[in-house]
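Sequential numbering from 3 applies to the sequence shown in this note's numbering.
No lab work stands behind these hints, which were simulated from the structure alone.
As the structure is a computational prediction, the values presented were derived from the model and not from experiment.
Hints may contain errors.
To be verified - Distance ranges between label pairs, derived from CB positions: (1) D241 x R73: 46 to 56 Å; (2) T202 x T459: 53 to 63 Å; (3) A184 x D470: 40 to 50 Å; (4) I414 x D321: 40 to 50 Å; (5) D241 x N323: 46 to 56 Å; (6) A41 x S228: 50 to 60 Å.
Note that beta-carbon positions come from the ideal geometry of N, C-alpha and C, so glycine has one too.
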Amino acid sequence: MNSTILKITVAIMITVSTAAGRAEAAEEGPSRAGEGLRAALASIEPAYIPSGILYDRVLPLSRLEEHDGTRFEPVSWRQWRQIVHEMKRAQSEGPPVAGLDAIDRVTSAGGYAPAAGERGRAIPVGILNFTYERFTEDAFASGAALMEGGQVTIARPEAIESRRAFAVAPARGRTYRGAHVAFRFDPALFVTNGTARPVTIDADFGDGAGLQTFALGEEAVARYGSFGTKTIRLHVSFDDGTRWSSAFLFDVLTLAAPLPNDTLAITATIPYEGGVASGEAYVYLAPAHSQLTQPVVVLEGFDIDNSLNWDELYALLNDENLIEDARVDGFDLVVMNFTDATDYIQRNSLAVVELIEQVQALVSPEITFPLIGASMGGLCGRYALSYMETNAIPHRARTYISFDTPHNGASIPLGMQYWLDFFSSESAEAEALLASLDRPAARQMLAYHHTTPPGPTGVSDSLRGAFDADLAALGDYPATTRNVAVANGSGAQAGQGFAAGNQIILWEYD
């Protein structure tokens, strides 16, 4: 990474070295360092920054120089989001760059999971096209830029050069349905600080069909004959006569994952804290069944970004052929996918109550069934069954199974939680992960949750105590079921190779 030597002291000190391409922040982290950079560069006249974006205002974490529109360097969705994040934070003038919240609303709308009989919805593809300025490598060494009194000033115009950022990436970089994959070049995911608009998109999806031409807003279909990682290469032509290139990798995990036989829409009828949870339950019948006959209800766990749908849940649950073996034995799978798996556990548990009632309505009155919860799903199952028993609501569950469920609290080291907090203003990914840890379900499960400001000892969030109290009021565990807990571990009390207090994170900025 090429950068300019800046020695800025504004309550912090950071050195950005061109020779080694290395930045080091002393005592404070990149969040503070980024703020210091922006303060030190605040007095630069807008005339030197025609694009309104001075990239030196942020710590460069996206490897931006690899994506200038002149080469096919693959970019991931994670990188794509980080570039947008950096452009927005580096901007001081011009029309506001779209924020990641708006982008994430587009990519999460509707999901990509196929319902019964569907092939799957189109994967949105984002295109970004920015011009920006940054200091030249020798700006300070040549005297074209000066550092005086903690402020950077421009002595000669050649201190700053204009550059381009161009990248194309899909919101999801994998498929379980490689025989037919739809992509959509979504106009809402075209992000720029300029006025030029895409006219044509020439794409080679690596499926043997060669280069094909599309317009912004169109869908493209790739048909793969083999699984593996594919390289997709694209050229985008704009109405100002420019043409830029990019590439992304796409993992074809299987060619045709099985479809569920039915998808049940689930909306709780009982509110919690003024809101109701919802979800969808995928019904996957045994080969000999034409309708739900011998159900096994499975509840998904903590889905940190709500990206797990049927294909992902099937792959996880069938990792050792568990689902298909169960079907051969005559069982029908009913897999619950919460709309928001990070919401209050009580709220999602009441959606499980509705699911159980729907399942009972679909099978013969004498049929009982097991209910299985993975991770947080085990807590939802525990709460739902206990709630139904306390309120005299029949559930007909004969066995309650939880596996890897944090009944006594989940553990994410506080150091890792504060690490995310430390980097959250500079890293889009750290910001998103921290936001997930601050959602109700994470606060209810974590034995220790980060605080602002940090305290001398680890403490749990108040929501955890409230959840434990709610469970206790319901009898703690269901009383009429056979209760089984499974923990995936070594079976011999083997640890993870770290002693208490050991360093588990080493971050080097290159």
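Going through the hints against the structure:
In this structure the hint that D241 and R73 lie 46 to 56 Å apart at CB is violated, the actual value being about 23 Å. Separation of T202 from T459 is about 60 Å and conforms to the stated range, judged on CB atoms against 53 to 63 Å. For the pair A184 and D470, the beta carbons lie near 45 Å from each other, so the given range of 40 to 50 Å is met. Judged by the Cβ atoms, the range 40 to 50 Å given for I414 and D321 is violated: they are separated by roughly 23 Å.
Roughly 53 Å separates the CB atoms of D241 and N323, a value that falls within the hinted 46 to 56 Å. Between A41 and S228 the Cβ separation comes to about 53 Å, which falls inside the hinted range of 50 to 60 Å.
Violated hints, listed in ascending order, are 1, 4; each of the other numbered hints is respected by the structure.
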